[in-house]
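**Student:** First to last, the sequence lines map onto chains P and A.
Residues 1 to 437, numbered by my numbering, are exactly what the first sequence covers, in order.
Residues 1001 to 1437, numbered by my numbering, are exactly what the second sequence covers, in order.
There could be a bad hint or two in this list.
[To be verified] Some chain A residues close to chain P (C-beta under 8 Å, calculated; not the full set):
#1 Ile1161
#2 Phe1173
#3 Leu1175
#4 Thr1224
#5 Phe1428
These are calculated hints, taken from the structure and not from any lab test.
By construction, the Cβ of each residue, glycine as well, lies at the ideal position given by its N, Cα and C atoms.
There are 2 protein chains.
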Amino acid sequence: MQRILARETKNNIGKTITIQGWLHKKRLLGGLTFINVRDRSGLTQVVIDNKDEVEKLRGLQIGTIVSITGNVVEEKRAPGGAELHDATIEVNVPVTDEPPIEIDKPLSHKPDNLDTLFDNRVIGLRNLSEQGVFRIRSQILRNIRSFLYDQDFVEIQSPKIVAGNAEGGSEVFKLDYFGKEASLAQSPQLYKQMMVGVFERVFEIGPAFRAELSATTRHVSEVTMLDIEMGFIENHEQLLDFIQDMVYDTANKIYDEHKDILNKFNAPELKLVKKFPRYSVKEIHEMYSKATGENTHNDKDLSPAEERWICDYAKKHDGCEAVFATNLPIEAHKFYQMINQEDSGTVLSADLLFRGIELATCPMRENDYKKLTKQMEQKGIDPNAAGFESYLKAFKYGLPIHGGCGFGIDRFVEKLVGLDNVKEAILFPRDINRLVP
Amino acid sequence: MQRILARETKNNIGKTITIQGWLHKKRLLGGLTFINVRDRSGLTQVVIDNKDEVEKLRGLQIGTIVSITGNVVEEKRAPGGAELHDATIEVNVPVTDEPPIEIDKPLSHKPDNLDTLFDNRVIGLRNLSEQGVFRIRSQILRNIRSFLYDQDFVEIQSPKIVAGNAEGGSEVFKLDYFGKEASLAQSPQLYKQMMVGVFERVFEIGPAFRAELSATTRHVSEVTMLDIEMGFIENHEQLLDFIQDMVYDTANKIYDEHKDILNKFNAPELKLVKKFPRYSVKEIHEMYSKATGENTHNDKDLSPAEERWICDYAKKHDGCEAVFATNLPIEAHKFYQMINQEDSGTVLSADLLFRGIELATCPMRENDYKKLTKQMEQKGIDPNAAGFESYLKAFKYGLPIHGGCGFGIDRFVEKLVGLDNVKEAILFPRDINRLVP
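My request is simple: use the sequences and hints to build the entire structure.
**Tutor:** Take a look at the structure:
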């Protein structure tokens, strides 16, 4: 008999159907046995009164895989509005050990015990709420790609094993590549810029590697990055508008379609306005100093406390949980960013902050070959190093004004769902203490 | 003035518009200067008779970035069916050096000189045909994901830095992970199987790493793999049908939509039938031995010559360029594959061959916890090793019958376009000799 999914049971009232899935819950009530069976579409409730059938489940635990044939009866209190009666059970895969964690609770882990979460990820995700995070994640990626394809973007895959350490920075994983020193790519930065010269608009969603020495709620050593780069944009505002529209569109779709999951995680109501507020770093220092009494006027980048503060401020003042911190200080930034001629000491770059955390950095790039090589030298980087040959060729032979962003998918998932640690948004996170599972 | 793309010029006949892009070609004809300007949508032809305007381009090379304002005139012989007259030129980014390779030829490289291709990738891809390969690649990924989303698949990202060397095999890149030994993932195999227990159907498209010591037309050290895994399938035939449908659907869409690019590469006509022919490895050995006089009856896996031969045979005999080689010999296969009870010495696995090369391996997995651990031990693998703890948990607590495939995206692009080397289908390929660009 053809398998019917849980979501289809209510369309089969009065018929005899077969469902197949995992035994998810079992309880006795007034001499009847109620079981829930989980499949990829949800739960089906089955009521069993035949003792021979109940006997088939003796000694079997949650996780046992069963095929159940029964009659579909309308039942408003059952998941999906219908349940199976007069059931015949076939055990496909018996499970005799009790699972290490409970999966039929609202969540399978305590929010403050992440080691339990990660050590038991493979079982814990059988909990319908927990797995919802990754259904949302998959949907976010689909929405973002769809948004970008519709705007003429070409998807690329750049190499993850790269020569030397082209971008600078110390947090690099090194490896031996057939006797040569190589490293794991920290971002597709140089490759996506090169491809602006070919396709104008490119994006990549893939892993990026950072040997983060600190174990915080925001850092992991393997992240999933969305890298976007687009040429022939008129100015920095246009770039920020584009990224804002992508976030607005994607986040709203998730909140429209996944209310059930978001409610389980107590995700706050989503507040976004079409035009995200924009404040310069200098303005934020001033506002924060005035509001808190701490003096941050002489700081360069924003501190994590200031990032949280400006997000709270924008939510209250502008009705928007996303905010751009613009006119970033030149010191903290890479050689390829474009210097802001209208605000000395800053680059044409902005951080996109959302719910207290930085999601993306969104700079314009220096596209003039001579200025770029000069900026490299000023940062102590040798433009003649082998790793830069192709990169600089792209500029020498004509690259238009361009900009883009490196956008943290894991952080976006974390904050959209309302989680407190980026690792919760990653299937199998990696940090200084964790290399398994 | 708002920029108009090349593909939109023909909708603006009689109007004054501004285009922006790369100087792609320049020639003199009867006292007039003809230039082609490239943007992300194609070429626009511009006719210049004003000497002051021609003068602006003196000494400037292909690649120079220009904004051109002119009147759109219908011209059937021009790309897009229209051209610009009475043009005013603004040079945005001057290029004064002649590009290292020509980009306005049918192809920017000779098919037998791949080093020229890769060393100049960043400029060579400005050739419209060459870049077509990667437009097709982007479209293939989009089509495949769309096919899978429509069938309830959840997209996952598994870690690329993994403990030890769980899958076995010697071709592993090792790295130091904060003092622990780690390796780069050769595939998401174990992770996708674990996720069958959560989502039933998962896929991942991402990099996989293999320290291939040989430099051939089929091997690279960093590949893009499509990994699919699906639970609750009835039998191996159903799995093969699914993969066949995905390939049929995706390949036909590419041939319908990208005839222009495929013609430039002399891609052969696509011949696929809805039901791909299926021959067991034993049958292929017999047929090949009979046809060629070589005796391969005692061989285990198919040789590359046999793979090419059976593809030719299936094309002629079955009218199909894709063919499954089924009943693969047990010796060459991994511990997690399901043994074929009906054909001793074989596993329930098949290779998908297309145009002479293996695209994918499509096995059923052993989903019985006890049989699986026994198969591990038979292969000399310790089930108690740390890398297997979570993997085996997924089986111990209930995993349904499942199967999937590891599908080489690079090879699929290569063969669909009609290329001869998998590296041509990769933006920046990596092999034993190549780590840049």
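**Student:** Confirm or reject each hint.
**Tutor:** Going down the list of hints, with the structure as the test:
no.: 1; hint: Ile1161; result: holds (6 Å)
no.: 2; hint: Phe1173; result: holds (6 Å)
no.: 3; hint: Leu1175; result: holds (4 Å)
no.: 4; hint: Thr1224; result: holds (5 Å)
no.: 5; hint: Phe1428; result: holds (5 Å)
Checked against the numbered hints given earlier, this structure breaks none of them.
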